[in-house]
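Asks: Read off the chains here:
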Amino acid sequence: MNKQLKDSTPTDSEVILGILNNSESALRKLYTAYFPMVLQLIINNSGDEDDAKDIYQEAIIVLYNKVKAGDFELSSKLKTYIYSVCRRLWLKRLSQLNRYGGDIRDFQEFLPIEEEEVDQHSDRDIQFNKMESALRLLGEPCKTIMEDFYIHNKSMQDICERFGYTNADNAKTQKYKCLQRLKKLFFQQK
Amino acid sequence: MSDDQLLEVIERYLNGEMKPDERKKFELLRKEDAEVDGKVVEHKLFISLLKQYGERVEMESRLNAIHDEIDVHTLKENLMIHPMWIVQMWRNHHSKISVAASVAIFTVLSVLLFTGKLTNSDNPNIIELKNKVERLDRSNTNLSRSINAIKSDKSVKGKPVVDKSTFTGTGFAITADGLIATNYHVVDGANAVSVQNAQGDSYKAEVLYAEPQHDIAILKIVDKTFEGLDAVPYTFKRAEGNIAEQISTYGYPDGYPAYSPGSLSSLVGQNGDSVHYKVTIPINPGNSGGPLWDSKGNIIGITDAKQSQAEGEHFAIKSRYLLNAIKNIPADSLDKKVILNKKNTLAGLSEAQKTEKTKNFVFMVKVYN
Numbered sequence: 001m002n003k004q005l006k007d008s009t010p011t012d013s014e015v016i017l018g019i020l021n022n023s024e025s026a027l028r029k030l031y032t033a034y035f036p037m038v039l040q041l042i043i044n045n046s047g048d049e050d051d052a053k054d055i056y057q058e059a060i061i062v063l064y065n066k067v068k069a070g071d072f073e074l075s076s077k078l079k080t081y082i083y084s085v086c087r088r089l090w091l092k093r094l095s096q097l098n099r100y101g102g103d104i105r106d107f108q109e110f111l112p113i114e115e116e117e118v119d120q121h122s123d124r125d126i127q128f129n130k131m132e133s134a135l136r137l138l139g140e141p142c143k144t145i146m147e148d149f150y151i152h153n154k155s156m157q158d159i160c161e162r163f164g165y166t167n168a169d170n171a172k173t174q175k176y177k178c179l180q181r182l183k184k185l186f187f188q189q190k
Numbered sequence: 001m002s003d004d005q006l007l008e009v010i011e012r013y014l015n016g017e018m019k020p021d022e023r024k025k026f027e028l029l030r031k032e033d034a035e036v037d038g039k040v041v042e043h044k045l046f047i048s049l050l051k052q053y054g055e056r057v058e059m060e061s062r063l064n065a066i067h068d069e070i071d072v073h074t075l076k077e078n079l080m081i082h083p084m085w086i087v088q089m090w091r092n093h094h095s096k097i098s099v100a101a102s103v104a105i106f107t108v109l110s111v112l113l114f115t116g117k118l119t120n121s122d123n124p125n126i127i128e129l130k131n132k133v134e135r136l137d138r139s140n141t142n143l144s145r146s147i148n149a150i151k152s153d154k155s156v157k158g159k160p161v162v163d164k165s166t167f168t169g170t171g172f173a174i175t176a177d178g179l180i181a182t183n184y185h186v187v188d189g190a191n192a193v194s195v196q197n198a199q200g201d202s203y204k205a206e207v208l209y210a211e212p213q214h215d216i217a218i219l220k221i222v223d224k225t226f227e228g229l230d231a232v233p234y235t236f237k238r239a240e241g242n243i244a245e246q247i248s249t250y251g252y253p254d255g256y257p258a259y260s261p262g263s264l265s266s267l268v269g270q271n272g273d274s275v276h277y278k279v280t281i282p283i284n285p286g287n288s289g290g291p292l293w294d295s296k297g298n299i300i301g302i303t304d305a306k307q308s309q310a311e312g313e314h315f316a317i318k319s320r321y322l323l324n325a326i327k328n329i330p331a332d333s334l335d336k337k338v339i340l341n342k343k344n345t346l347a348g349l350s351e352a353q354k355t356e357k358t359k360n361f362v363f364m365v366k367v368y369n
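Quick note, the sequences are listed as chains A and B, same order.
At position 137 of the first sequence the residue is numbered 137 (full-length UniProt numbering), and the sequence of numbers has no breaks.
At position 282 of the second sequence the residue is numbered 282 (full-length UniProt numbering), and the sequence of numbers has no breaks.
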């Protein structure tokens, strides 16, 4: 029982190392360890389980990006940090929805999280949303070519074979055409 | 160079696929052509954003996969704070509860009304009780009065008993800074003394000095709110007064100010006692300690209502003994030497004018014990 409990809550350094090593099991442990805490926060402060999922994942991504970027300094327990980020994000969401009554029921101790730490994150979210819709508008086969080449780092050879291009030059021309269009679609959006 | 070709070149440049001389050439072009340079920067940022976007999508799918393994529904049930059962019951049934409560209150009130419990049937009992308490109180007062009478009977042998249950007397100012003369018997045994002026303002006072053998006490006003008096208008006469001289006093015989005129009937008191004058003046125990003025407004004594014997016949302590007592006040209990007024501003005034001018210098002495 004790061992199980220990297994289910990873140590803070285990999590940080896991993130740096892209470890799937560390992510799983992290996610399952603190989700109940965040669920409790959200559902008892006028949110539902889907809100909890969104907010929690956003916070995990904030943590991931910070750790990966190397500017994460753990000044408190990881648990407290995650709770604080979720709290901040949820307060922001509540005030955007005009549902914030000025009072929040807390379940954990928390740190003051600076606005910009969360804002930076949402700026990037906006860029990602633009990219998502630009890719959708781009249509096939361009979308897959872009994803395969730039995101999944596939070689031009693989792409040729997949789409049945007879020579690599044709495929290359096609790729650049797609990229030009993608850029255009991306920058056209407001 | 077409856009596609330029893109390819930029990509090769950014990926480090160029040979050194080609690279140098391109860097030169980049420096010269701002448009090319802008495209390089833009491409670099865009591709990095695209990659990050890909990573995010991948991350989200990983997180979603993990999330799907969690039994959110059960967790939610466990973590939701349910209001207390009583709150929940109220939320669900408050209309029914309200109706039930109204009916209950109505029933209780009507039952009380019909059985007459609500009317003031308890009042006669209360009044009866109050009367009883008052009766008890009265008998208690009588009892203490008789005890006092017995006490004074013992201490003043053979002398008429003065009702001491009225704990007020009179006093008059000796100096403007709050020294007051009165009878010793007024303040004898007092726990606390205060004086009240003609306006009804009370000041805390203490017994500064006393000469029980002459029944003289000197009080001092020690109240912080006391701001001093105007200059004392009367003087103190050391020499004896004249028989049949018109005299007057002013005091608080029964708690209210009163002026009493009279005459000096003898220069000796009872049984030839030379400390007192005999005066014919209608005064009461509350006048004890009051000033005795001659017709010119000089203090010639302190009225001493205690030793009354015949109707209208009283005694007064000669002012000489007061002056001696003032002189005998220990120097260390005084802030400064007592300087008595030497200038009589009352001479030639009518009795009414005199009383008007002196009433602010005569106090009711209130004793608490």
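One or more hints might be untrue.
What the hints assert, rightly or not - Lysine-lysine pairs mimicking PhoX-like chemistry, simulated, CA-CA at most 20 Å apart: (1) B:342 x B:296; (2) B:51 x A:184; (3) A:177 x B:224; (4) B:296 x A:172; (5) A:130 x B:44; (6) A:130 x A:143; (7) B:44 x A:154; (8) B:224 x B:237; (9) A:183 x B:51; (10) A:177 x B:296; (11) B:224 x B:296; (12) B:366 x A:143; (13) A:66 x B:224; (14) B:366 x B:224; (15) B:76 x A:53; (16) A:184 x B:224; (17) A:184 x B:366.
Calculated from the structure, these hints are not laboratory results.
Asks: Each hint: holds or not?
Replies: The hints, checked one at a time:
Annotation: proposed proximity of residue 342 (chain B) to residue 296 (chain B) holds, straight-line Cα distance about 14 Å (limit 20 Å). Annotation: proposed proximity of residue 51 (chain B) to residue 184 (chain A) holds, straight-line Cα distance about 17 Å (limit 20 Å). Restraint check for residue 177 (chain A) and residue 224 (chain B): not satisfied, since their Cα atoms lie roughly 101 Å apart, outside the 20 Å limit. For the hint linking residue 296 (chain B) to residue 172 (chain A), the alpha-carbon distance of about 136 Å lies beyond 20 Å, and the restraint is violated.
Simply put, residue 130 (chain A) and residue 44 (chain B) have alpha-carbon atoms about 17 Å apart, close enough for the 20 Å limit, and the pair holds. Taking the CA atoms of residue 130 (chain A) and residue 143 (chain A), the gap is near 14 Å; set against the 20 Å cutoff, the hint holds. Of the pairs offered as hints, the one joining residue 44 (chain B) and residue 154 (chain A) holds, with about 18 Å between alpha carbons and a cut-off of 20 Å not exceeded. Under the criterion of a C-alpha separation no larger than 20 Å, the hint pairing residue 224 (chain B) with residue 237 (chain B) is inconsistent with the structure, at around 32 Å.
As the CA atoms of residue 183 (chain A) and residue 51 (chain B) are separated by approximately 14 Å, the hinted pair is consistent with the 20 Å bound. Between residue 177 (chain A) and residue 296 (chain B) the CA atoms are separated by roughly 131 Å; this puts the pair beyond 20 Å, and the hint is violated. Taking the CA atoms of residue 224 (chain B) and residue 296 (chain B), the gap is near 34 Å; set against the 20 Å cutoff, the hint is violated. At most 20 Å may separate the alpha-carbon atoms for a hinted pair to count; residue 366 (chain B) and residue 143 (chain A) exceed this at roughly 107 Å.
Proposed proximity of residue 66 (chain A) and residue 224 (chain B) is contradicted: the alpha carbons are some 72 Å apart, above 20 Å. Taking the CA atoms of residue 366 (chain B) and residue 224 (chain B), the gap is about 18 Å. The hint holds against a cut of 20 Å. For the proposed pair residue 76 (chain B) and residue 53 (chain A), the alpha carbon gap of about 12 Å is at most 20 Å, so the pair holds. Distance check on the hinted pair: residue 184 (chain A) and residue 224 (chain B) sit about 91 Å apart at the alpha-carbon level, beyond 20 Å; violated.
This hinted pair does not check out: residue 184 (chain A) and residue 366 (chain B) have alpha carbons roughly 104 Å apart, beyond 20 Å.
Consistency with the previously given hints fails for numbers 3, 4, 8, 10, 11, 12, 13, 16, 17, ordered from lowest to highest.
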